[in-house]
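Using the sequences and the accompanying hints, generate a full structural model.
If you read the sequences in order, they're chains A and B. Numbering of the first sequence is given in the working numbering, commencing with residue 924 and proceeding in unit increments. Numbering of the second sequence is given in the working numbering, commencing with residue 132 and proceeding in unit increments.
The set of hints was computed from the structure by calculation and includes no laboratory data. Beta carbons are placed, not taken as given, at the ideal position from N, Cα and C, and that holds for glycine. Treat the hints with care, as some may be off.
Said to hold, decoys possible - Listing some non-contacts, in silico: residues in chain A with all C-beta distances to chain B over 12 Å:
| hint | residue |
| --- | --- |
| 1 | Leu948 |
| 2 | Glu973 |
| 3 | Glu997 |
| 4 | Arg1009 |
| 5 | Leu1035 |
| 6 | Ala1067 |
| 7 | Ala1128 |
| 8 | Asp1156 |
| 9 | Thr1159 |
| 10 | Thr1178 |
| 11 | Glu1231 |
| 12 | Ala1232 |
| 13 | Gly1235 |
| 14 | Asn1237 |
| 15 | Arg1262 |
Stated by the list, open to error - Partial pick of chain B residues on the chain A-facing surface, computed with a CB cut under 7 Å:
| hint | residue |
| --- | --- |
| 16 | Thr152 |
| 17 | Leu183 |
| 18 | Gly184 |
| 19 | Ala197 |
| 20 | Tyr198 |
| 21 | Ser209 |
| 22 | Val281 |
| 23 | Gln289 |
| 24 | Arg302 |
| 25 | Phe382 |
| 26 | Gly483 |
| 27 | Asn487 |
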Amino acid sequence: MRTTKIIILGAILALVSTITQASTLEEVKARGVLNCVVTTGLAGFAAPDENGRWEGFDVEFCRAVAAAVLGDGEKVRFVPSTGKTRFTLLNSGEGDILFRNTTETMSRDTDLKLTFLPVNYYDGQGFLIRKDSGITSAMQLDGASVCIQTGTTTELNLADFFSSNKMNYEPVNSETNEESIANYTSNRCDAYTTDASALASTRAALKDPSAHIILPEIISKEPLAGAVRHGDDNWTDIAKWVVNALIIAEELGVTKANLHDHCAAPGDNPSINRLCGTEGNMGAFIGLDAQWAVRAIDNAGNYAEIYEATIGPNTPLALERGLNASWKSGGILYAAPIR
Amino acid sequence: MPALSVFEGNFLSRLWNDKETRSLVVQVIATLAFFAFFAYIIRNAYVNLEALGKGFSYEFLFQTSAYDINQHLIEYSSKSTHFTAMLVGILNTLLVAVCGIALSTVVGFILGVLRLSKNWLTNRLAYIYIEFVRNVPVLLHILLVHGIIVNTLPIPRQAISVGDGAFLTNRGFFVPKPIYEPAFWGVIAVFVAGLAFFAWFRKYAKRVQDDTGAQYPVFWIGVGAIVGAPLLAFVAFGAPISWDVPSLQRFNFAGGMVVRPEFIALWLALSLYTAAFIGEIVRAGIQAVSRGQTEAAYALSISRGRTLTLVVIPQALRAIIPPLTSQYLNLAKNSSLAIAIGYMDIVATIGGISLNQTGREMECMLIVLLLYLLLSLAISATMNWYNRRIKLVER
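Given below as structure tokens:
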């Protein structure tokens, strides 16, 4: 009896003393897999394909981080989340990083204790509406029923937009994108509102995409960015510079195809050399080896290649680069230099 | 061996070997372990939240909510606070729970009686309904009813017109909204007076009957006092009510009152699902009253109707009420599935959008938890009170 009690006491003490704080990098390395919080399914951004393999724009950023940290872009466990559960999953430690077409806002950055990574998609909220409604502008939406996904910035923008234009509307909330679309297609609501990129994704997946239009008004700015928890600066730096590296690779013309030519030996361009790790050792600053960026780019190419393969003009989503073009070609995508 | 240590040895061994002290020791240890476990969990959550810089606070309740809710029984807009949003959610939960309990009771009692019908077809139909409904998860019922309403009813422009100024659409059931003029309060006053009169009259009539055996037509006098008198007053005051009739705008009907499809779906699904269980409880309750009771009543030449109301039902109720209470509790708790179809109950407002916008998971979930606890305890208390009232008076 005595021994049993001592064992139980010992077990309780052991349990209490396990509240230790390992760094996220160590945890991920020890686990051998990166837990990445993504959406439950948004074609083009993050959705499983017919073989159950996750595909999409956000997914490739998860893989790039995994490649930089663990050396293999496949070592990712995707944690699907609704708009409501995403931050809880990240903050509770279920996920190490979040790439879930998430808008960076001040309250999320501060009150929700998140640290946002560089913006990887500049978006804005729009409206999808049936063509036969005859509506051509969001200013004609007075009195409409609007479908909306709950727990997002979109419901706040929507409330602001209608109240500042002195118009009425009926919000029809749903938990996920799929339920919102089901409500929209069954005519429960007149319009569906969310980020324009997601509207393009939704429209492409409808039975007859040409019967629906996206209204010209963009009622908000939605800088979509990945995020990590507050409190682990080294992990933040890793995630941040992986995103920057992918953007910089496009600026420098480093692609998945020519990556190994560029990085085999130090070349004439010091910027490329630093990216490749053939000059200096930038990786040491973030607790990784010199090849971290090479592995990140080797996963699915640079920013442009990821964009073209998942959401670009040649995909069903057909999203033009627009604001998301590199600053060198008229967009506002502009990453801090690696030096 | 020194005497002292013998005593000590005895004392310690008694703690474990004596049956009564042992059970006491085990209970003390179990209780301590139980509280220590929860103290550990709560402290752990608190420390982790502190470490994240998110201290426990309800200040957010008094900040602007900034989101809209389509069904609000009290004044609410995106400029209201999270606290008001919470009240809206609570009222929506209460509304669907109360309406659901009422409808499920009515349908359940009908089903229970039909199950006992001697007509083979009626009996079998009720049986099939009960077996089908109660063996399918309630979430599927909710989604099914919502899907049917939204997909089969027409859009507002092709609304089905029901009577004068009422419209049936997949955006909801639009009905005229009464606008009360001041004189209408007179009608209300007459109605309240009627209720009070009836309560008194019932007691009076019973006393007269107990004393003399004479019977008053209590039912018809009640109808006259509660329905007739207010109607007369209504006409006398010159019908002091006007109607705000819904009118079709570009997208939707404006004006009037609307019952949203989300509410109807949740209400019907919960009611019809719970009614299947109640039907079985009612059948069992009625069958629990022994046949001899009915026969004895007939032998005393008490009529069929009075046998039912005076002999069978009062005894059946005693078997029905306790399991009925747990069905009511189930219905109230199942209403939290509202979020599946976007009905804005407490889980969807404070436990959903507010939680997400403020990031206060712990605080919001505690509110939701407390509300369901209070709601369930209130239902239990009411039903226990009723149960005590109808229980057999033993001499």
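Right, here's what the structure says about each hint:
1. Leu948: Label holds. Min Cβ-Cβ 18 Å, cutoff 12 Å.
2. Glu973: Label holds. Min Cβ-Cβ 25 Å, cutoff 12 Å.
3. Glu997: Since the minimum Cβ distance to chain B is about 31 Å, Glu997 of chain A lies beyond 12 Å and the statement holds.
4. Arg1009: 9 Å, violated
5. Leu1035: 4 Å, violated
6. Ala1067: 4 Å, violated
7. Ala1128: 19 Å, holds
8. Asp1156: For Asp1156 of chain A, whose nearest Cβ neighbour in chain B is about 14 Å away, the distance exceeds 12 Å, so it holds.
9. Thr1159: 14 Å, holds
10. Thr1178: Given that every Cβ of chain B is farther than 12 Å from that of Thr1178 of chain A, nearest at about 39 Å, it holds.
11. Glu1231: 33 Å, holds
12. Ala1232: Answer for Ala1232 of chain A: holds, closest chain B Cβ roughly 31 Å.
13. Gly1235: 31 Å, holds
14. Asn1237: 35 Å, holds
15. Arg1262: Given that every Cβ of chain B is farther than 12 Å from that of Arg1262 of chain A, nearest at about 32 Å, it holds.
16. Thr152: 14 Å, violated
17. Leu183: 5 Å, holds
18. Gly184: This hint holds: Gly184 of chain B lies near chain A, its Cβ roughly 6 Å from the closest one there, short of 7 Å.
19. Ala197: Hint on Ala197 of chain B: holds, closest Cβ of chain A at ~5 Å, below 7 Å.
20. Tyr198: Status holds, d = 5 Å.
21. Ser209: 4 Å, holds
22. Val281: 5 Å, holds
23. Gln289: This interface hint is violated because 10 Å lies over the 7 Å limit.
24. Arg302: Constraint on Arg302 of chain B satisfied, holds at 6 Å.
25. Phe382: 4 Å, holds
26. Gly483: Since the shortest Cβ distance to chain A is 6 Å, the answer is holds.
27. Asn487: Holds. Min distance 4 Å.
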